[in-house]
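Undergrad: Here is how the chains run, residue by residue.
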Amino acid sequence: MIMEFPYLSAILASSLLGGLAIMLIPDHKHSLIKLVAGISSFISLALSLVVFYLFDASKPGFQFLEKLPWLPSLGISYQLGIDGIGLAMLLLTGIVIFTGVLISAHEFKEGGLLGRVGRPREFFAMLLILVTGVFGVFVSLDLFFLFLFYEIAVLPMYLLIGIWGTGKKEYSAMKLTLYLMLGSAFILLGILALYFTSGLGTFDWFALSNYSFSERFQTIFFPIVFVGFGILAGLWPFHTWSPDGHASAPSAVSMLHAGVLMKLGAFGIIRVALALMPYGAKFWAPYFAVLTIVNIVYGALVAMNQKDLKYVIAYSSVSHMGIVLLGITSLNVISLDGAVFQMFAHGVMTALFFALVGAVYGRTHTRVIADMGGLAKLSPFLAVAFAIGGLASLGLPGTSGFVAEFLVLVGAFRAYPLLAVGAATGVVITAIYVLRVLQKIFFGELNAHYVTEGSQAQTADEFSARHLQKVGSSGHHGFPVAMGDATTAEKIPMAILILVIITMGVWPSLLLRVVNPAVIELVGRIGGLF
Amino acid sequence: MITVKELLIINSLLFAIGIYGVLTRRNTIGILMSVELIFNSACLNFVVFTRALNPTLLSGEVFVLFIIAVAAAEAAVGLALLFNIYRSFKDIATDRYNLMRG
Amino acid sequence: MLRLAELILIFPIVSFLAITFLTRKSEKLSSAVSISAIFLSLVSSLLIFFSLSQAPGSFEFKMPWFATISGFSVELGFLVNPLSSVMLLVVTGVSFLVQVYSLGYMKGDEGYTKYYSFISLFSFSMLGLVLANNLLQMYIFWELVGLCSYLLIGHWYSKPSAANAAKKAFIVTRFGDFGFLVAIILISFKTGTFNFLQIEQLIKAGALSQQLVTVVALLLFAGAAGKSAQFPLHIWLPDAMEGPTPVSALIHAATMVAAGVYLVARTYYLFVFSGTALEVIAVIGAFTAFFAGSIALVQNDIKRVLAYSTVSQLGYMMLGLGVGGFTAGYFHLITHASFKALLFLGAGSVIHAMHTNDIWEMGGLFKKMKVTALTFLVGSLALSGLFPTSGFFSKDAILIQAYHSGHTALFVMGLLTAAFTAFYMARVFFVVFLSKERSAGGHPHESPAVMTVPLVILALFALGLGYYTGPFGSFVLGSEAGGEHHGLLIPLVSNALALLSMLAAWAIYHKELISSDALAARFSWPYKILKNKYYVDEFYAFCVNRILFNVSRLANWFDRNIVDGSVDGVFRLTRFTAVVLRGLQTGLVQNYALGIVGGMVAVWILLRILR
Amino acid sequence: MMIDKYIIYFFSAAMIISALGVVTARNMFHSGLLLGVSLLSVAGIYLLMGAEFLAAVQVLVYIGGILILILFAVMLTHKICDKSIAQTNKQKFWSLAASLAVFAILTASIIKTQFASNTITPRVVSAAEAGLEIFSGNILPFEAVSVLLLAALVGAIMMAGRENEK
Amino acid sequence: MDISLLKLELILSGLIGLIFVLDLLSGSKKIVRYAAVAGSLGVFIASLFIRQTGDAFAGAFISDGLSLIFKSLFLLNAFIVSMLSLGFLEKNGRYTGEYFTLIFSSTLGMLLLASSGELITFYIALELLSISSYVLSAFQKSEQKSSEAGMKYMLLGALASGMLLFGMSLVFGATGSLKFSGIAASLSSGSVPPIAYAGIVLIVVAMSFKIAAVPFHMWVPDVYEGAPSPVAAFFSVGTKMAGFAVLMRLFLTAFGNLRSEWGILMAVLSAATIIIGNLLAIPQTNIKRFMGYSSIAQAGFVLIGLAMATVTGLASSVFYLAGYLFANLTAFGVIIIVGSRVEGDNIDDYSGLAKRSPFLSLALLISLMSLGGVPPLVGFFGKLYIFVGAFENGFAWLVALGVLMSVVSIYYYLMVLKRVYIVPSPDTSPIKLTFWEKASLSICLAGTLGFGLLPLPLFNEILSSVRIFLQ
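Residue numbers (the numbering used here), protein chains in the order written: chain G, 1 to 530; chain Z, 1001 to 1102; chain F, 2001 to 2611; chain E, 3001 to 3166; chain X, 4001 to 4471.
Not everything, but these chain X residues come out facing chain Z in the computed CB check (under 10 Å):
no.	residue
1	Leu4128
2	Gln4144
3	Lys4152
Below are the DSBU-like pairs computed for lysine-lysine, each with C-alpha atoms no more than 35 Å apart in a straight line:
no.	chain 1	residue 1	chain 2	residue 2
4	X	Lys4432	G	Lys29
5	Z	Lys1090	E	Lys3090
6	G	Lys29	X	Lys4355
7	F	Lys2028	G	Lys377
8	G	Lys109	X	Lys4432
9	F	Lys2204	F	Lys2190
10	Z	Lys1090	X	Lys4029
11	F	Lys2025	G	Lys34
12	G	Lys307	F	Lys2114
13	Z	Lys1005	E	Lys3005
14	E	Lys3092	Z	Lys1090
15	G	Lys491	X	Lys4355
16	F	Lys2190	G	Lys282
Distance windows between CB atoms, simulated:
no.	chain 1	residue 1	chain 2	residue 2	range
17	F	Asp2568	X	Ser4028	54 to 64 Å
18	G	Ser31	X	Ser4442	26 to 36 Å
19	X	Ser4260	E	Ala3127	44 to 54 Å
20	F	Asp2109	G	Thr487	21 to 31 Å
In case anyone wonders, no lab produced these hints; they're calculated from the structure. For clarity, every value in this text was computed on a predicted model and none was experimentally measured. Don't be surprised by glycine CBs; every beta carbon is placed ideally from N, CA and C.
From just these sequences and the hints, can you work out the full model?
TA: Written as structure tokens, this is what we have:
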């Protein structure tokens, strides 16, 4: 393969350069900033689609390989390549960042959620740099670079949540960052251990994957790496950063975080822990599988009891990531197919959710579910979109969520029949809380304060002062409500996400076609326990 | 003749006394004096070793000369700092200048 | 043939999409699109039906949907055989009539186009369910009809009761679906396929153990029980009456609720092979029939009476299947579809006129709504199983089968249920149509033709379908037909009982020879229980509100305070340690010096240890 | 040379006792004087070992320079060097323990060490010899010391200078 | 005796003289300032070209790859600090000449320290460094805190010097030599006498004091807080590095055959240092004090490299220090600039900095993240190299601790960045930077980023010089 166009590097470059370019734009040129961000993320998405199109699903292994030695003394090289699993994630990231940028651009409008805080330049720059990291993880074939990109993906989160978040944002941001840094500490330990124990003096994934580590080594280090990545994937009981973090983050950040970043964890488990330490995987999978069930059922149960809309979604993410992790720990082709599919499905679905929550919040200025009601009258589009998201979340056939959950359950059933049944109960509980939320927010009588006090105009300061008091409290009076249905700027990204949800639900082969060979190869490597 | 060990132990005692002084003297000047004791114990050590090891070796003794020179410089600077403290705090007790802690 | 089957599906989904994306703004166009689509489907179904009647057989079409490993590939496809072709007719027919009826009923409704688009989606889903050639596909459409049911029950979503009912319907059926899903997974695990025909072959080849099949069958029945509102998952159906009445007629009487029965019929070989599962179905069916019938006796909401009646009749069908009367049970599904749809539409017509659901606010409508009243009468008689309506044939076939298969207790329950049925239908009919006029808000008037014509058509079916019973059995069962029991005594007894009940109802409610209030007072205890529907709802409310929500609250508490608390605890501990250590930094220079000297001693000791 | 031995003992005793006085005396001025005694004793020991040049430097620089400077400082800050004020801080116990530990460590090390010769042979080193040694082998530190002294000078003057501005 | 090896030292001495004379003769402090900046830049540039190696003064002065690298770093430090001091000196300009004289003599002490091959030179160089530092700490005479810092530093420094001297005397007595090579030869022949151990312990303690290893670190926060900010910046990098330079040399040449023992000792010290430094940084409210603890923690990481006592270990330590120089000076640069604008050094004073000066905020962000070890900044590679080496040498537990504590360090660095980026401030007037401030920050940032993205050339350079040094 002689010097074909470096698509993967181009994807990385488009978002990185976009981020850097934005930093150079004066802060007050809002529309230019938004434009650059939009173009940059669109290029990423377009290139991801091109890669998706050019990817040859009939060939096993990695494609679009690029390699450039970087620190030869340490055996580090800039090595990119992608298989079906990475490709699914690449596409997901492309979709979510593009829609996320659109949503943020909307929210940065005068009086919008982000507009009140301002500083779009920093926001978009950090967002794009973060996404560079995300893309990077998915395409890296060098453990060092994987780690590097991982860190880049994690850290900007702190400021993104801290500055533009809501509620107890600083606490949440700090908790999230530290927790994830802790995870990355585990990962670093694991990677270094892999690096040294192999004695190959290289971080090259290929080289390491051909080396067979001793069983003892694998039993020790598999859980370290698993937990390290698992933290980001919301593995119980290391998940508590996620509800707080997602609840506090601005829409686009939640979209990206719950939608894509949590997948980094699952992806890391697949790419590093599973692929490099198959014996450890077999040894530990049953134990971790139990944790994932806790994730699923417990996450759903806790979600049921939340009063804050974002917390509901956040805990549902915990629950859904449990499905991903269950699929992974079941260690067979069907379950892993399902896991990857769920990663994709959940990514899109949760992105939609968080976009919607942002839109709802932008209208009601409260996230307390009890204070909403009857919004479907005012914002039918949001109601429909939310319903579709919710239905995907509860695994309704015809949405991507169904295919994913079904595959995982089928696969998990082959490995752990009882656990799979337990996981299926989680799906029932999901129905309860999703519908409950849907009903309380959108159906029923229109909540009185949207009608009576909607017309008052207030200054921004007054607004934020009131707003600050209000978060988390239920009694509130007199805030301006910019009700109404979704604007076009909101509709487009949401429609894209809905389209993806439905498409993947109706035509799952589109994605499974590329994922499946990669998974088969992976399971072949593990040797298939179940 | 007195043995090397005896002398060394005596010097060590001087060293320990100096350290005790540094640790307990509440007056800053007292600490400076104690430091001089420590220096002297080291100087004595050098001389003792020079005499004990190789009478033709002079480096130890030269070292002592340097130490004395440095001690003089250090004392000068130390006292200058001491006056500075005195000027600022109107006191030179060590527990008076502890604005910074934690 | 299969091309036709495809078309059947394509018309409604195209209609759904067209209404959603194109004609949403225009009410006329939307309803026209929807109705013409379902009409085309109806025509296609008829074509299929007739061609199958000419040359019976089973046609299957398959295409891969997605694949993972060999031995686990998921297919989509159609299975067109007599069983499904009949069901297709029912679905498209009732759907068509209901849609026409809705032109009148839903006129001026805010969500008119939304209604039609969802009805189209429902038709699509229901037809997909019927045509499915494998369990997974059936499950998919099964869930989709559930979704449509949810959406249509919640049509007037700003009414909290409607929104609640929709949610309840979805969640309760989903409990059953949980079993369905597990069954699918289990059977695919054991057989490697979802396909009905392949599974049937495997069963026949004895590839599966009886216990396994029993488990699978029971799990499937759990799904069926949820959809078909069998005890104890019946509670959603009465509440589902919050939806528009045509929806109740279509979904919650004729088609979707029968999907459970259809599922059992589709996988009947599993139940037969298991045996135990069949017994369970029979028992639950009989119990549900009796149980719901008894509740229906005291309901005042016309739609709720019909709803409990539906539950009861679905129980009948299950009973029929359970006691081995495959044709009887399935045929009852068909006839029931016609007369229950009729009854609902009739009720809708009344409600449309009166703007109330309470039978005690109606009265003497016979004169003002002749067509409605007459068709309603036909429906009632059919439901009561009186000769010569269709209900007579199907219902008595079930009773006969129950009796002859030796399930005497179930037979008696069935018989009693028949009596109940006759009583409550008579009660409704007398109160609504024949009693003296009551001054209610509405101005009773006959409904427009778009509404009455479907009534008449359905009434004709309710009357005449019974004569199809003979050919039906052989058509559906094919070569395996026969072995059905016949008799004259049982129908006589049941009809006599029904007539007696009607007489009693006539006496109480029409002539008011016996005061209904006095009866209620006399039998206050049973009356209360019935009025409160055996407190099943309360029991569930307890389970959900007290148990589930408390568990959830506990989980939340645990998460916030223990899991997250320990995280915060570590954080606080670190900070606390830092603050404590900070105390060592006293700001006293000699303290620092002591640290240096002490440190020196420590280093020396350390080196000593190391050396 | 028995006398030498006892003279050394005498000087040592004087050195230690006066050093103890330096660190314990309540009056800072007494402390300073005792420091003088201690330094003189050190000079005596130097002398006994034949390090005449060192002894001279000790007396001239240490006693004549440093000690005088210190005493000067004591007098300047006299009013607070009153013996009525506590002259030791509150960490006496730990300080004592630490210094004893240090002493113990050093003594133990010294006792355990095998010296090539355990005796001291005094040798007279003249100023010329010492000077030669400095300029032959230690020119670099010598030059460095000159910079050091310059720096110290600059620093001390700056520190001691009046603060006019500000 | 090749005096040409001392070119750098001579040039620097010349510079000291020049400053001294200029200050006396010229009435303009401005000329002195620019002369100092230009001069330090000149010496730094000279250091990049003077790569002559060899011994002088019979081994008292050693010029080798390691010392040359350190010298360049010291001079860079001096140059950047000179630039950063300009603002400070404009306000406190009376003693400009003295200030630079002291800074440069301190730097000269560092240079000599890095090259010293014998105890006397070592001692004198150390005192040269120290005495200048004491005065510099107390430079703001009118400030109580500054005086206090100077006095505390001086007292503890004198104690440490005393211990060092006593230790040297014992080593001298045990080995009969003042030259490192002689000591090494003596120690490697036969058993090590106990007094040598005692002496080494005392020397280690004295040097640990300079590099601020726990429990000899306590002066650091007080001195950093009290000393003028540019001076604190100067110490935080220069003094620490000088201490490490001499420790490396001592332990690899003079006490070379005790490696295995002091390896573990260093490991223990580094563990204590990392823990205490990181933990105590958490509750700080004064940014300089905070940086003091942070620098303690950083020193702990460098000590890991020393504990390994291998080529890679030492090279990693040196690389780490180089990275630390850039990142720490960036941070201090920001602290100096902000401190001069808001008249305060509380962390709360940094609220809303992002609005007031995006550049400063970004600089602080990058530098603190680099200190926290976030890729792809130079600090990350420092840590990576250190951890890699420690892993190789069986200090996996230390790596685990280090990694864990890096997380803690991220926490407190983020606490500062939280003020900068998140907490709003009532004062939103923009902060304007002078040319010198921009220049110095840009140089440091370039180093932090540049050596982060391309660490290889620097690391290779260090590696090769360390390899030569160890042979």
